[in-house]
Each structure stands twice: as structure tokens, then as C-alpha cells.
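Those protein sequences? They're chains A and B, same order as listed. Following this note's numbering, the numbering of the first sequence begins with -1 at its first residue and continues without gaps. Following this note's numbering, the numbering of the second sequence begins with 1252 at its first residue and continues without gaps.
Don't read these hints as lab results, they were simulated from the structure. A couple of the hints might just be wrong.
[To be verified] In silico DSS-like cross-links for lysine-lysine, where the CA-CA straight-line distance does not exceed 25 Å:
id: 1; chain 1: B; residue 1: K1282; chain 2: A; residue 2: K114
id: 2; chain 1: A; residue 1: K147; chain 2: B; residue 2: K1366
id: 3; chain 1: A; residue 1: K643; chain 2: B; residue 2: K1341
id: 4; chain 1: B; residue 1: K1341; chain 2: A; residue 2: K116
id: 5; chain 1: A; residue 1: K116; chain 2: B; residue 2: K1366
id: 6; chain 1: A; residue 1: K531; chain 2: B; residue 2: K1380
id: 7; chain 1: A; residue 1: K36; chain 2: B; residue 2: K1341
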Amino acid sequence: MEPSLVSDKEKIGVFACHCGRNIAATIDTERVVEEVLKHPAVVHAEHYEYMCSDPGQELIETAIREKRLTGVIVAACSPSLHEVTFRETVKRADLNIYKCEIANIREQDSWVHENKEKATEKAVKLTKSAIEKIIRNEALSPIKVGLHKKALVIGGGVAGIRAALDIADAGFPVVLIEKTATVGGHMAQLAETFPTLDCASCILTPLMSAVAHHPNIELHTLSEIENVEGYVGNFHVRIKKHPRYVEPDKCNLCNECENVCPVAVPSEFDEGLSLRKAVFIPFPQAVPSSYLIDANACLGMSPLICGKCAEPEVCGPQAVNFDDQEKIIEDDFGAIVVATGYELYNPTNLGEYGADVYPDVITSLQFERLLSPSGPTGGIPRRPSDEKIPKRIAFIHCAGSRDERHQPYCSHICCTYSAKHALLFKELVPDAEIHSFYIDIRAVGKNYEDFIRRVQEETGIHYTRGKVSRIYEQDGKVKVLGVDTLLDERIELEVDMVVLALPMVPFQGVKDLAGKMRIQIDGNNFLQELHPKLHPVESATSGIFLAGAAQSPKDIQDTVSQAGACASKALGILTQEKISHIPTVANVDEENCSSCRFCISVCPYRAIKTIDDKAHVEEVLCEGCGICVSACPSGVIDLRNHTDKQVGFMIKALAGEI
Amino acid sequence: MERNFEPRILAFLCRWCGYQGADMAGTSRLKYPSSIVSIRVPCSGRIKMEHVLDALTRFEGVLIAGCHVPNDCHYVHGNFKCLNRVTLLKEILAQMGVNPVRLRLEWISATEGRKFARVVGEFTQELRKLGTLNSACTHENNSISLLQVKQSE
């Protein structure tokens, strides 16, 4: 046996708990006390009925003071339960909280074993291994750093809007950036929202307006993230703001420019079902409330070829500015909310459905525009090919969802929105005949099942369980071929129009953004939360939070809840005076570092960088996982209070050699 | 090997999953052999090869329990680092004449107390068949070679 002491100054006290009979029935705590007293570092040991009770904690405090203990072992229940309790106890007696360790003799000993002799023997080993650890523990204090009390919200859909408003309302400045020319996101395109059939614009546009006028919100549209550096509390972000070519402060929405603009291109807002001009406003309620010029569509800016919109008789306020330039905005933030949303899976990937060939095979978002009173057909659903009002219509659920060839996951909202489509369509076209092809009806959400039932009763919708194999057009009709898997029959159906419920996929460029922000992405390219249950809105990078459909397909309800959760998490950081971080982080013996950079490649948090070619841990970023420690071929990285030496001695103690 | 031979197991339990799973076994009052002792580690990716080899000079078997692959790891991908290391270690053990069964990697979540207890039971049975490391039938001196590996580090 080798001497296990690091220094003879260590004076350890051991406190064995009976936990009533929970421990004492199986473990002879008296013997545990006797055995550990043989350890040279142990100067005090006792056992008591309930260590976690007030008198129990008092015993510990008194012993620390009277025997001048340098470390405390509580042999009791799992550290998950009372580690915090006992750390507070020792703190009250002026001992560093990292000089308190728990030996788990309940959950992992007395509760799982029956033989008292053996369980006691094991309790002694577990306690001794804790002693070996604690005499080598450093007294540590949380790492404290200052922070910027300002939040960044990326994405101006309903998630980003909600998060920005919540943080701003709490009194903290927020920068909200949006890639397109307006906030509102996909929700602004929707006709009505399930299951209550609230008009989407009616519930969204007041929020958009609030964003525009909130004194704490600085809005940048046509903007994207260029670069993110730093860590929680201190993110340094470069934002690229594309030119708008129309000054929003001057634009008075007179629409004269639009009237003279000779170029028309498909409208993004109407999903290509209508045309807009090169100088345009995405939709009348857009925020910021201003026109802009689409430089790609405009006839020519440099050299200026057309310029009709800028003529003084057209634009009275002289808002058009062809010299507008791309800008880089640099700012510092304490917390970031990522709410970059989704887009629909490209229907041309589903060749058998012919969405790119047949005009009357449309996407669900296109249908949403056809149903919208502000839509391209003024709220009367007309099919794109001949503008006739369709009478027979088919909805194809899971058009690419739950399909190994396309997207393996369930898109979560399609069943319910397809039912909503059916209901709204039936209201507008009372003699309509509606068919719906589904795999399973998944209406998971409060009142959704009732909603589906209501749709079934009110519309007489024909639900067919089955998969559509092919769609084609013939003589002005759309033919749907497939199989009814309940009746085991082939289906051949002639309809006027088909609506594809395409999967929600993360917005393009998600990988690029995730890379810049050190956010993990999952197998389907959605942003990965830290833990599905315990940390559903946190990313693996501390201080970056995830909201909305960028994290997974979800409905507006869940999106808004998540946005609120993100705001609350962000406020949890912004309201601090200092950022506190666990001190049990990796540290490098930089002198002996061989500069191999293995540690940099394995660190999930990019917490390690090189300074003068030597590995250096940015302690605030380090989460203390120790992955770098075991990857370091030179063995020069160690984890504070979980060193290789400590593990070595713990192994010996557990083997009964100490 | 004697029927009442109790092979000693050292378990490295990640604090987020494996350790919580072991706690859950306790909360559920499941019974398993008392010859297993554990060390709580922050992540299965923290466990060094040296620790495992060191442990095998003192115990009949080593159990590592971490968060389920692919996505449960609290530290993003530490479980995969552990998986790689265990795969390699098993090769090394085989080359040294140590039955690689003596090292066991399991993904055990915080709720899988039942699995933890079952794994400990099964592992004990397997190790009982193998006997102590010194008396393993094929290579008598394998524990010495383990020690040599350790010393040469």
C-alpha cells in the first residue's frame, strides 16, 4: 500500500447517514466509521440518523469548526439528491463547496444489496474512494465574467417576434434580424390558423407593428449573420445588412414606383401565384412599412438603365436610393435566440406527383394563399391553370414526410392544417367534394382531435388511408392513382386540383449558420437542442437558445411557447451582473503541450484554442466534460477536481488497496 | 470456477445517464451483486484507456455506462468518443490475451434502472465463467502484461 496523502495538512471528516433504516438496515455505519478512521487523513468520523436534517447538518458544521476540517465526506444518498444541500452546509462553516463529496451508499449500495456484511464492505470502499478524491480536490470558486446586457434574435417570424418582444418588454435592448424584407415569416402568409380559425394576420400584424415601434427593439431586415465569436454573455456578432435601395423613413407607400416599374417577377409572398414588380412591398402590412428594390430583378442599377421609380414626379419623397450599400453591423450580445424557421420541402423532388409539370398540383402554402382574403385570387380559391373554381379536390398528406426516400420524420402539423384547408375550402365552395389521403391522422395538440372531428362532420371529407403513387393531368383533370390500404383496393380518382402537404424542412443555409454559431444539427438538419426534455430550448453552446420550426417541425402554439421559453432563458442571463460558470474545467500544462491540436478537434464547445501554438482552454466556454483530457496523447490536459491522479487513487481505494 | 466466486467489477458511470440509471435501480430497490463499485465521471468520453487498463489489473471486469447514442450525450458526442476508445481497447485486450468481454460498454439512460441491474447481473455471470484474470485459461500471465503496459505509459 502506498501512502495516499497529498499533504498531511488534510483533515477529513466523514459523516455516515442512517437515513432512518434505509441505509442502517443494510449497512453497519458504525463499522464504516471505524474503518475510515484508519485512513491517515481522516480526523473525525461519526454516524447519525438523518444527516440531511437540521441537527445532522449542525453536526457537520460543528465538526468543521472544532476540528478545523479541510474536507467533508457525507456517506449517504445519491449526490443527485443532497450534494447541493451538503455543499451549502459546509459553506456555512466557511469551507469551500468543492471540499465536500458524497459517497453514495444508499441508491448504489443499501437499496440494491441484501447481505449486510458485503454491503458494509462496499460502503467502506465507496467512502474511502471519496476520501481519496477529496484530499486531492482543489478549493474552487465559480468563474465570473462580465456580460453585455443585450440580446440578439435571429429570424423575424412569429418565434423571433415573440422572443424579441418578451425580452424587450422586460427592459432589455434587443436586436432582431430578419433575412427577408419584412418580419412576419410564414405565419403572415397563412389564411386562418387551426384549431380556432383565428385569422393569421389579425393575430400577427399587431405583433409585427409592436416590433417596429418598440423602443427596445432595433430591427434589421435583409440581414444575416456574418460571424459569431465569443461566449455566453459576450458574443461578438457581425451582421451583414443588404441594401434596400429605398429609404424606409422616406417611403410613404404611395405605390407610384410600383406603377411605373416595367419588371414583373413571381411574388414570394404569394408563393409564385401572383406577380410583383422589381420595386415592391412584400405585402401591405409588411414591417418595416416600406418599398424596396429587388436588385436581381431590377433592369439595372449600375449603370443605371431604367431609373423610372426614382424620378421626382414618381417618388415625391425621394426615397429611392440606387447608391444604397451593403453594411456590416458589429455588436455585442449576452444571449442569442435562433428562430430561423422552416421552408417547405421542394415538391420537384417528388417527381411522381408532378408539381413542377402540372399547374393544378400545388403546395399547401400555395393553397393557403388561395384561401387568404388577401391572396392572389381575392380569397376565392381558383386553380392556377384556368382560374376556374375547383369542385373536387384532393389533399395528399405525408407528401415526402415519413418517407425514407425524402424526409423520414413526421412534419407534425400537416394533418391538422389539411383538415383546416378542407374546412375553409368547403366554406368558400359549399358544393365541393373533398378527398384526403393519409397514412395516419396525427392531430396532436390541444383541441386538435375535436377539430378533425368537426371537419369530418361539416365537410363530409372522404378520408382514405393510403399512399398516392402517381399524379398526372389529363383533359383538364388531375388523376390521382394510389392504393387504399384499409380496403386493399386500387384508387383512381379524378379531381380538379391536388394539394401536397409537403414536409417542413429547416431553412436553406442552416448548416452554414449552425457552423458559425456552434449549434449542433440533427440527422434531419434541424437545430439540435441540448436535451429533449430537460433543456429543450438550449443549444449545446451556452447562451444560444432555439425557438420554433428551426428546431423541429411544430405548430404556432408550440413555436410561441418555445419563443417565450427562449426569452425567459435569455433574460436569465441578461439579468445577471456577472456570468457564473462552473470552475471544474479542463486545464492544460501548456509547457508540455505538443501542439497536436487533438483537443481542439474533439471539444464540443470550441473552448480550446492555441496561444503561441500551445493549447489554451477558454474557461468560460469549457463545460467540464473531460473529452479533451482523454484525447490528449501527451497527457497534459487534466480536469479540475477530476484529475487522472484522483481517478487512479479512487480505483485503488475501490479495489480495497487503500 | 467456484459457483460462489464473485467477480469484482469497476463501473465508470457518466453522471448524466449511467450514474442516474444506477440510482434508478436503487430507487426501484432492484437487487444486483454487491461486487460492483462505481466511479462517477462527467462523461463516458472522459474515461481514459489507462484507467480501464489500470482497473483491469485490480478487477475482473470493467463496465462503462454512458448516454445512449446517437443524441443523448450531455456533451454532444462524448459517447461516440467512448465507443471508439472501447472498440480499440477491446482489440488491444485481445492482443494481450485478455478476453475483451471483460470490458463492457452499455448505453443506460437515467430511467433504465432495470437495464442497469440486468447488465450487472449478466456481466457478473459472464465474468464468473471467465474466472479471475490471473487464472484465465489461455494466457496465464496476461495480468502481468497489463501491468507492463501500465508501467510503460
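Hint-by-hint comparison with the structure:
no.: 1; hint: K1282(B) to K114(A); in the structure: holds (13 Å)
no.: 2; hint: K147(A) to K1366(B); in the structure: violated (46 Å)
no.: 3; hint: K643(A) to K1341(B); in the structure: holds (24 Å)
no.: 4; hint: K1341(B) to K116(A); in the structure: violated (31 Å)
no.: 5; hint: K116(A) to K1366(B); in the structure: holds (23 Å)
no.: 6; hint: K531(A) to K1380(B); in the structure: violated (41 Å)
no.: 7; hint: K36(A) to K1341(B); in the structure: violated (38 Å)
Consistency note: the structure conflicts with the earlier hints numbered 2, 4, 6 and 7.
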